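Undergrad: Spelled out, the chains give:
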Amino acid sequence: MARETLGLVQGTVDVLILKTLSWKTLHGYGIAELIRERSDGDLAVEDAALYQALHRLERKGFVESEWGISHTNRRARFYSITSEGRKQLRTELVELRRYVSALFRVLEPA
Amino acid sequence: MPKAFRFPFRSRTSIAAEVDEELEFHLATVAARLRDEGWPAADADAEARRRFGNVEHTRDYCRAEDLRREREKHRMTIVDEIKQDLRYAFRGLRTTPGFTLIALATLAIGIGANTAIFSVVRAVLLEPLPFATADRIVRVWDTNSSAGIEEGTFSEPDLIDVRAASKLAEVIGGFFFADGQTGIDLTGDGSPERLSAALVTPGFFETLRPRTAAGRVLAADEYEVGHNRSVVLGYGLWQRRFGGEPTIVGKTITLNGDPFTVVGVMRPEFTYPAAQTLDVWLPLSYFGPDAIGRARPLHFISAIARLEPGVTPEQFRTEIAGITARLSRSYPDNPGWDNATVRTIRESIVGDVERPLLVLVAAVAMVLLITCVNIASLLLARASTRQRELAVRAALGAGRSRIVRQLLTESLTLALIGGVLGAALGYLAVRALVARGGAELPGAGALHVDGVVLAFTFLVSVFAGVFFGAMPAARAAGPALERSLRAGTRGSVGGTGRRMRSALVVVEVALAVVLAAGASLATKSFARLLAVNPGFQTSSALVVRMNIPKTYATTERRVDYYEGVLQAIRQVPGVIVVGAVHDLPTRGNGEMRTAEQLALPAARPNDSAPVQLHHASPDFFKAMGIPVRSGREFAPSDRLDAPAVFLVNETAAKRFWPGENPVGKVLHLGSTAVQIVGVVGDIRQRGLTEAVEPAVYVSAMQNTRSGMSIVVRTTGDPMRIAGTVRNAIWSVDRNQPIAEVTTLEQMLGGAVARPRLLAWLLGIFGFIGLLLGALGIYGLLAFAVAQRRQEIGVRTALGAPRSAVLKLVMGHGMALTIGGVIVGTLAASVLTRQMQAVLFGIAPGDVSTFVEVIGVLIGTALLASWMPARRALAIDPVTALRAD
Chain C
1 MARETLGLVQ GTVDVLILKT LSWKTLHGYG IAELIRERSD GDLAVEDAAL YQALHRLERK
61 GFVESEWGIS HTNRRARFYS ITSEGRKQLR TELVELRRYV SALFRVLEPA
Chain D
1 MPKAFRFPFR SRTSIAAEVD EELEFHLATV AARLRDEGWP AADADAEARR RFGNVEHTRD
61 YCRAEDLRRE REKHRMTIVD EIKQDLRYAF RGLRTTPGFT LIALATLAIG IGANTAIFSV
121 VRAVLLEPLP FATADRIVRV WDTNSSAGIE EGTFSEPDLI DVRAASKLAE VIGGFFFADG
181 QTGIDLTGDG SPERLSAALV TPGFFETLRP RTAAGRVLAA DEYEVGHNRS VVLGYGLWQR
241 RFGGEPTIVG KTITLNGDPF TVVGVMRPEF TYPAAQTLDV WLPLSYFGPD AIGRARPLHF
301 ISAIARLEPG VTPEQFRTEI AGITARLSRS YPDNPGWDNA TVRTIRESIV GDVERPLLVL
361 VAAVAMVLLI TCVNIASLLL ARASTRQREL AVRAALGAGR SRIVRQLLTE SLTLALIGGV
421 LGAALGYLAV RALVARGGAE LPGAGALHVD GVVLAFTFLV SVFAGVFFGA MPAARAAGPA
481 LERSLRAGTR GSVGGTGRRM RSALVVVEVA LAVVLAAGAS LATKSFARLL AVNPGFQTSS
541 ALVVRMNIPK TYATTERRVD YYEGVLQAIR QVPGVIVVGA VHDLPTRGNG EMRTAEQLAL
601 PAARPNDSAP VQLHHASPDF FKAMGIPVRS GREFAPSDRL DAPAVFLVNE TAAKRFWPGE
661 NPVGKVLHLG STAVQIVGVV GDIRQRGLTE AVEPAVYVSA MQNTRSGMSI VVRTTGDPMR
721 IAGTVRNAIW SVDRNQPIAE VTTLEQMLGG AVARPRLLAW LLGIFGFIGL LLGALGIYGL
781 LAFAVAQRRQ EIGVRTALGA PRSAVLKLVM GHGMALTIGG VIVGTLAASV LTRQMQAVLF
841 GIAPGDVSTF VEVIGVLIGT ALLASWMPAR RALAIDPVTA LRAD
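As given, the protein sequences belong to chains C and D, one line each in that order.
In terms of the working numbering, the first sequence is residues 1 to 110.
In terms of the working numbering, the second sequence is residues 1 to 884.
No wet-lab data here; the hints were simulated from the structure.
These numbers were taken from a predicted model, which means no experiment stands behind them.
Below, simulated DSS-like cross-link-like pairs (lysine-lysine); rule was C-alpha separation at most 27 angstroms, straight line:
id, chain 1, residue 1, chain 2, residue 2
1, D, K73, C, K24
2, C, K60, C, K19
3, C, K19, D, K73
Model the full structure from these sequences, guided by the hints.
TA: Next comes the structure, spelled out in structure tokens:
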């Protein structure tokens, strides 16, 4: 790998997963791949953290899962976002934006 | 994802397997990619796991999360269903406000009555006695079979001998106490007061072993003459008079003019032998033989004993009976006392209220049953009109169990709301009970509504809800459900529904008969009690009870004081006549003597039958309104210096001088010759239900006693002059303590308080039973008429005479009523036998009472069926046929 991937700030895993699922229904592996792709390999979610987050989000009702068949023809668990999950994504995005801009106001004052 | 009607819940193992499969898929996919990227096949799997992070932890975490989600989902489903059922229940109850109101009102009455009676039963029968190991404590009576005295008292010499001889009792104690009679005067700080007192012998406290609130009970040596100026205070007196200060222990108070040291204070629950409150316990030995006779024939001490472990009351009774028989043989002056009676102390305390209470419990349980039957019947009627609604719900996918649960939720909701109302009603009823009859119930001080009572109410409500909800629910679960959808236009009540409701009405009528019979018997018994002629005029007479202080030491001074007090009261405006006696009826029985002791011409030799000896003043019989049958009553001239005179009552005159007039006869009591100067009317000295005993009256001016019960005959309300009479007494001696100020009416009223309470409560229950029974008949027939409108309409249209329609409806009602009456009469004739002990002057199986009850019930039933029948007659065939 050319560059070191960036570690993820705590709490951003959830929002990344929700965002990813808002595009399409995916299994865990697919979510990890898509995040890596979209960030040009800069962001990598640790697999363990990814699956823990998925099950947590499912319990909270933000995502739901269903068994389906992967393109490798194996049974896989596919996740999709719920309407509550979309709501949650919007609030978390606002939160994250506020957090990041505040962070940068301190680090790089205009 | 398609929503099932209900999710099948996943098990713990299937959750674990799914998580495993999911992670396995991920690792396999990563390993496959690694092999594509050129990793050696052998290392790819390990690398995939390494990159994943902590596989084990993740697996556990995911499983736990899934399990939690599953459980929450399950819980939500149940909560949702319950919420839904509750919503349906409330909606259902709101849409039929008439049904709901009637059901709630009957439930509130049924549950409220049960709550109130349970509170009483708990306070009186279930509350533990305030004694250590109370099951080993018994009450012992000396028994004189030849005189018909089963529960007699001991004389002091007898008790001492029994105590010494008994081996089966750990300790035997005794006391002298009569409610409202044994007392002692407290003087010193504050106003002089007559205290209620129990005079106790050694062994009294050792037998009961009560706990004290402060200090200790009497020590062994404090019963001995010379050390016996010690006293134990009751909790009430301690609070009232000494501010609840523990420092009272060791202090000195003045009782009867003598200094007494307070050694301890009892806890509030210990009032033995009094039922409600007792002021002081002091050694019996304080009153010497001059105050209370100690000879062997003088029986006055009640005995209690603590049995050795393992000894039964019957074994102990045999032992004591042997001892008393031996004593009776050894001392010929004490004949007949040759047996013993033993009961547990609990029985001796609650014995005579237990039966009336159990009768009430049975009655109140029946009220609840009637309530439930009534509501079940209402619900059945309602269910039949709702059958289509239920059928539709079933068709839309609600399972049978779900529908049953919904119906049960509805009836439980109803029952619990009824329970809340019932608890409130019960609370009010308990307060009314304490106010009206509190003094009649031992342990009524502990009477209150608390957590235990509310728990009972809750249980009763749930029972009621399940009881009356079960039948409609069972029917709903039956196969009839779908049929009702298919059935014609109207979801009409099926044959089973009507049969079930008819059976319920029969049960209701039967219960009503039992209740009404019980109520009628108790009321009649009470009326007969009130109709007993006490032998004196109860109205417009004030009663003041006091004891002449012992500062009046000589007989002359006592007589002067006695006359002075009566003279002072005579001056009070409004007083017609005033007299006094030692013991008034229901407040004592005079002094017990034998015919022999009084030199009466006994009918048989050695006649030991009791004769009451009373000390009365001049004008006493006039003040009481007791007629003088022959001769005269006492006159002011019957003084110490005049010849001694007696009066006898009618019973004594008939007994000892059958067919003769005793006036003018002379009795020779030792060296004294006493002339009988008059015969007076009998009075019910022992109480209205007790037989009249022979009585001899001696002039209080010739033979004084310290006890003085003054009767003041006046016009109008006697309590009006109570204050002035008291002041008149205090004008003679301002230190005179007064024990009781009341009226003759109230005094006698106290004696009938318990039967009154019973008659009153059973009367209420009987009325409720009758009302609900009538309501049940009416409800069923009104409903049947409404259901059969079309049929009746057709019959009328086809020319059926009005009488046929009338017969159809009323015949139905009467058939049910007669069935119920037969069952009820049979049940009542068995059950009312249990009332034997609480009835006076009427037998439990009194035929005329039963005939009346049956008459009233049939009359009520006729009325209840007539109203729906009239409605049936009014049915217009045209509208009836066109409807629906």
